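Asks: Chain by chain, the residues:
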Amino acid sequence: MTVWDSLVGQRHAVTALQDAARGQGMTHAWLFTGPPGSGRSNAALAFAAALQCGEQGCGGCDDCTEVLAGAHPDVTLRRTEKVIITVDEARRWVRDAGLMPVRHRWQIIIVEDADRLHERANNALLKAIEEPTPRTVWMLCAPQPEDVLATIRSRTRHVSLATPTAEDVAGFLVERHGVSEERAAHAARASQGHIGRARALAMEEETRNRRREVVSLPPRLTTLGACLQAAANIVDIAKAEAEAQTDAQHAKELRDLEVLYGADRKARSLRSAKAAERELAEQHKLRLKRKVLDAVDRQLTELLSVYRDVLVVQTGAGSHLVNEEQRPELSELARRTTPEGTLHRIDAIGAAREQILEFNVPPLLALESMMVALRG
Amino acid sequence: MWNPDATMAPRQAPRSAPAPSPLGSVTLVTGPEELLNDRVVRAARNAVLKADPEAESHDTAGEQLTMATLGELAAPSLFSSTRCVAVHRLEDAPDEVHDGLVDYASSPDPDVALVLVHSGGQRGSGLLNRLRKLPTVHEHKSEAVKGRGFAQFAVDEAGTHRAVLEPEAADALVEAVGGDLRALAAAVDQLAHDFPGRRLDLDLVRRYFSGRADVKGFEIADHALYGRTSQALEELRWALDTGVGGPYVTASFASAVRQLARYKAAARGLRDADLAREVGVPPWKLRTLRDQAKAWDEQGLATAIRAVASADADVKGAGGDPAYALERMVLTVSRARVER
Ligand SMILES: [Zn+2]
Numbered sequence: 001m002t003v004w005d006s007l008v009g010q011r012h013a014v015t016a017l018q019d020a021a022r023g024q025g026m027t028h029a030w031l032f033t034g035p036p037g038s039g040r041s042n043a044a045l046a047f048a049a050a051l052q053c054g055e056q057g058c059g060g061c062d063d064c065t066e067v068l069a070g071a072h073p074d075v076t077l078r079r080t081e082k083v084i085i086t087v088d089e090a091r092r093w094v095r096d097a098g099l100m101p102v103r104h105r106w107q108i109i110i111v112e113d114a115d116r117l118h119e120r121a122n123n124a125l126l127k128a129i130e131e132p133t134p135r136t137v138w139m140l141c142a143p144q145p146e147d148v149l150a151t152i153r154s155r156t157r158h159v160s161l162a163t164p165t166a167e168d169v170a171g172f173l174v175e176r177h178g179v180s181e182e183r184a185a186h187a188a189r190a191s192q193g194h195i196g197r198a199r200a201l202a203m204e205e206e207t208r209n210r211r212r213e214v215v216s217l218p219p220r221l222t223t224l225g226a227c228l229q230a231a232a233n234i235v236d237i238a239k240a241e242a243e244a245q246t247d248a249q250h251a252k253e254l255r256d257l258e259v260l261y262g263a264d265r266k267a268r269s270l271r272s273a274k275a276a277e278r279e280l281a282e283q284h285k286l287r288l289k290r291k292v293l294d295a296v297d298r299q300l301t302e303l304l305s306v307y308r309d310v311l312v313v314q315t316g317a318g319s320h321l322v323n324e325e326q327r328p329e330l331s332e333l334a335r336r337t338t339p340e341g342t343l344h345r346i347d348a349i350g351a352a353r354e355q356i357l358e359f360n361v362p363p364l365l366a367l368e369s370m371m372v373a374l375r376g
Numbered sequence: 001m002w003n004p005d006a007t008m009a010p011r012q013a014p015r016s017a018p019a020p021s022p023l024g025s026v027t028l029v030t031g032p033e034e035l036l037n038d039r040v041v042r043a044a045r046n047a048v049l050k051a052d053p054e055a056e057s058h059d060t061a062g063e064q065l066t067m068a069t070l071g072e073l074a075a076p077s078l079f080s081s082t083r084c085v086a087v088h089r090l091e092d093a094p095d096e097v098h099d100g101l102v103d104y105a106s107s108p109d110p111d112v113a114l115v116l117v118h119s120g121g122q123r124g125s126g127l128l129n130r131l132r133k134l135p136t137v138h139e140h141k142s143e144a145v146k147g148r149g150f151a152q153f154a155v156d157e158a159g160t161h162r163a164v165l166e167p168e169a170a171d172a173l174v175e176a177v178g179g180d181l182r183a184l185a186a187a188v189d190q191l192a193h194d195f196p197g198r199r200l201d202l203d204l205v206r207r208y209f210s211g212r213a214d215v216k217g218f219e220i221a222d223h224a225l226y227g228r229t230s231q232a233l234e235e236l237r238w239a240l241d242t243g244v245g246g247p248y249v250t251a252s253f254a255s256a257v258r259q260l261a262r263y264k265a266a267a268r269g270l271r272d273a274d275l276a277r278e279v280g281v282p283p284w285k286l287r288t289l290r291d292q293a294k295a296w297d298e299q300g301l302a303t304a305i306r307a308v309a310s311a312d313a314d315v316k317g318a319g320g321d322p323a324y325a326l327e328r329m330v331l332t333v334s335r336a337r338v339e340r
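Protein chains in written order, with my numbering: chain A, 1 to 376; chain B, 1 to 340.
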């Protein structure tokens, strides 16, 4: 098993990265783009492992395992819970990037959300990328090439990840996770090419139940009361999901902090312990907020898949439904409404997503507004 | 001439005689009110700058004091530059520097103004007592402001702007702004600035600060839901003029419209207590909702909800002029009622 095995449906990108790891077309700055869930940061990690490994990514040596586990001293994964990456943060990264690698090969920095770089942060990175230290490799990840500054784009080598096909995803779930064919097929279809989501749907009953609840909403949105209730439910589900994802990590970080400060009981360190605790709580709040938004966004994607299916039924364009198992209800909904109406509803979902993610409208308000537009 | 008393409201005036100059002495500032303490520090700094426009200013936290920093302070400076050094939160100063501080304070450098700020309370009171015994230390002490003290503060504060704030007006102001000296000082400053030469009376204050931002937002939303369009627009302009932020207004609308919509959607025939719980309002609010609901149907409420969400995005950067976005929201909401 090599480091490339977890990159699902990315043959093209993998070939290019393997060549680079062997020294053909290697460069100091890379840009990984692809839709959410296509595995941008996983691809960057696999590439980083291949660069640190003596055999270009054997998957079994210390270098490979440590990189993939996020524990390699010369590979840093920069992720942010914040909406923008500030110039101070970027400068710090640039400074650390200049260090010599602890081991023998490269000093690698993976920036997970390069699309969140503030303009001045972009400029700070640009300098580092223009005049790279010989052992440093930058890997930037973003949804689309346009999401990073043109000047940065032109100085990086671009690796574009495709949305993996349902067959690729299902195959991966069966081989790697031993999921039954039927469940794998359902998860692959429902995830629409989002690997992490597909894995969660295939492996966790709770996730499947939550999804079922969301996709069964549309036919029930007939009254104002049902719409308000649906909006509130989505927010509740998102909160529950976000808390489930962060609880363990937050508890652990708090324990680590207690261990760190518990040993020294001097009054003066008590004060800095309090400050550290406050800072951690602040971080946790931010992370939870971002996870809630991510979860709301995911549910909007699920809802969108329902209306796309309705449109497929209404226009007879194609025969595959993402939500095949709900075909009877969706056909009924398609009969009750018009294709124009369906397009308006799809727009309403897009508008809500923009309000929440771009303009910080409270999710409940944006969802209420969306739900009443979905009514019918 | 350095007289910090002039910068403080008379009721909070220090109890000791002012020092002739903060240079070459130690100014001890004690009391829990940060605003008052900050003013003494600022006055000291200004006095030093007046004596020597090239003077340097340093601010440090008590927690960070070490023998080394004290040494720098006490050592005769090579360049003999004039300095104003303010130590905030003196109560956090580590025990090992107490002796050094007292030593320095007993024979301060003539070119240095040392200002020590202690936030009241018991911590570090041993150090305070030792410092107070020194003739070179001048204390400016203020008490915590409580109860009637806030209104008195506002009246005195107006006096420093050469304005007259009537006592009832001061009460109304405290009610509107709350018991926070900084907020009160800012409010008085705004009034004195906006109405120069006018007596600041109850009517004027009521009109200017009639409720906190969120309360204000609810009033506007109520007008709109009752269809009182022109009142809603007028109150909206007042609110925006007095600095109420657009997001406050949209948040108030969101929750007012949500309550009404939930009320409309709730099952009929519930007892009041259950209904209130279902709608998510205190029971006394039901009467208002019942009254408002007469002029609303589901379609109208849907229109209102859409208008509020899009206005919220607009005031947070999605649309051009926030004031325009809010006016449009008010109009859309109040016109979404069923015509009778
Ligand atoms: Zn390896």
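Careful: at least some of the hints might be erroneous.
No more than 20 Å apart at the CA atoms, straight line, and that leaves these computed lysine to any residue pairs for SDA-like [as the list claims (entries may be wrong)]: (1) 264(B) to 348(A); (2) 316(B) to 359(A); (3) 239(A) to 182(A); (4) 285(A) to 251(A); (5) 294(B) to 115(A); (6) 285(B) to 218(B); (7) 141(B) to 167(B); (8) 294(B) to 223(A); (9) 316(B) to 70(A); (10) 274(A) to 264(B); (11) 285(A) to 249(A); (12) 264(B) to 226(B); (13) 289(A) to 223(A); (14) 127(A) to 27(A); (15) 316(B) to 274(A); (16) 294(B) to 255(B); (17) 264(B) to 221(A); (18) 316(B) to 116(A); (19) 289(A) to 247(B); (20) 274(A) to 91(B); (21) 274(A) to 61(B); (22) 239(A) to 274(A); (23) 252(A) to 70(A); (24) 264(B) to 364(A); (25) 274(A) to 94(B); (26) 291(A) to 115(A); (27) 291(A) to 27(A).
Hints are computed from structural coordinates only; laboratory data are not their basis.
Since the structure is predicted, the reported quantities are computational estimates derived from the model, not experimental observations.
Asks: The structure should be examined with respect to each hint, and the outcome stated for every one.
Replies: How the hints compare with the structure:
Restraint check: the Cα-Cα separation between residue 264(B) and residue 348(A) comes to about 23 Å, which exceeds 20 Å; the hinted pair is violated. Restraint check for residue 316(B) and residue 359(A): satisfied, since their Cα atoms lie roughly 6 Å apart, inside the 20 Å limit. Pair hint residue 239(A) plus residue 182(A) does not hold up; C-alpha atoms about 30 Å apart against a cutoff of 20 Å. Restraint check: the Cα-Cα separation between residue 285(A) and residue 251(A) comes to about 13 Å, which is no more than 20 Å; the hinted pair holds.
For the hint linking residue 294(B) to residue 115(A), the alpha-carbon distance of about 49 Å lies beyond 20 Å, and the restraint is violated. Distance hint between residue 285(B) and residue 218(B) is fulfilled; the C-alpha atoms sit about 12 Å from each other, no more than 20 Å. Between residue 141(B) and residue 167(B) the CA atoms are separated by roughly 26 Å; this puts the pair beyond 20 Å, and the hint is violated. With a C-alpha separation of about 18 Å, the suggested pair residue 294(B) and residue 223(A) falls inside the 20 Å cut-off, and the hint holds.
Between residue 316(B) and residue 70(A), the direct Cα distance comes to roughly 37 Å. Violation of the 20 Å bound is thereby established for this hinted pair. This hinted pair does not check out: residue 274(A) and residue 264(B) have alpha carbons roughly 48 Å apart, beyond 20 Å. Proposed proximity of residue 285(A) and residue 249(A) is supported: the alpha carbons are some 13 Å apart, at most 20 Å. A hinted pair counts as satisfied when its Cα atoms are at most 20 Å apart, and residue 264(B) with residue 226(B) qualifies at roughly 15 Å.
Simply put, residue 289(A) and residue 223(A) have alpha-carbon atoms about 30 Å apart, too far for the 20 Å limit, and the pair is violated. Under the criterion of a C-alpha separation no larger than 20 Å, the hint pairing residue 127(A) with residue 27(A) is consistent with the structure, at around 16 Å. For a cut-off of 20 Å, the pair hint linking residue 316(B) to residue 274(A) is broken: about 34 Å separates their Cα positions. Straight-line distance between C-alpha atoms of residue 294(B) and residue 255(B) comes to about 19 Å, which keeps the hinted pair within the 20 Å bound.
For a cut-off of 20 Å, the pair hint linking residue 264(B) to residue 221(A) stands: about 16 Å separates their Cα positions. Of the supplied pair hints, the one linking residue 316(B) and residue 116(A) holds, its CA atoms being roughly 18 Å apart against a limit of 20 Å. For a cut-off of 20 Å, the pair hint linking residue 289(A) to residue 247(B) stands: about 19 Å separates their Cα positions. With a CA separation close to 17 Å, the supplied pair residue 274(A) and residue 91(B) stays within the 20 Å bound.
Only pairs whose Cα atoms come within 20 Å are accepted, and residue 274(A) paired with residue 61(B) is accepted, the gap being roughly 17 Å. At roughly 27 Å between alpha-carbon atoms, residue 239(A) and residue 274(A) are farther apart than 20 Å, so this suggested pair is violated. Under the criterion of a C-alpha separation no larger than 20 Å, the hint pairing residue 252(A) with residue 70(A) is consistent with the structure, at around 17 Å. Distance check on the hinted pair: residue 264(B) and residue 364(A) sit about 18 Å apart at the alpha-carbon level, within 20 Å; holds.
A hinted pair counts as satisfied when its Cα atoms are at most 20 Å apart, and residue 274(A) with residue 94(B) qualifies at roughly 17 Å. For the given pair, residue 291(A) sits about 17 Å from residue 115(A) by alpha-carbon distance, which is consistent with the 20 Å threshold. Note on residue 291(A) and residue 27(A): the hinted pairing is violated, with a Cα-Cα distance of about 34 Å set against a maximum of 20 Å.
Hint compliance for this structure: hints 1, 3, 5, 7, 9, 10, 13, 15, 22 and 27 are broken, all remaining hints hold.
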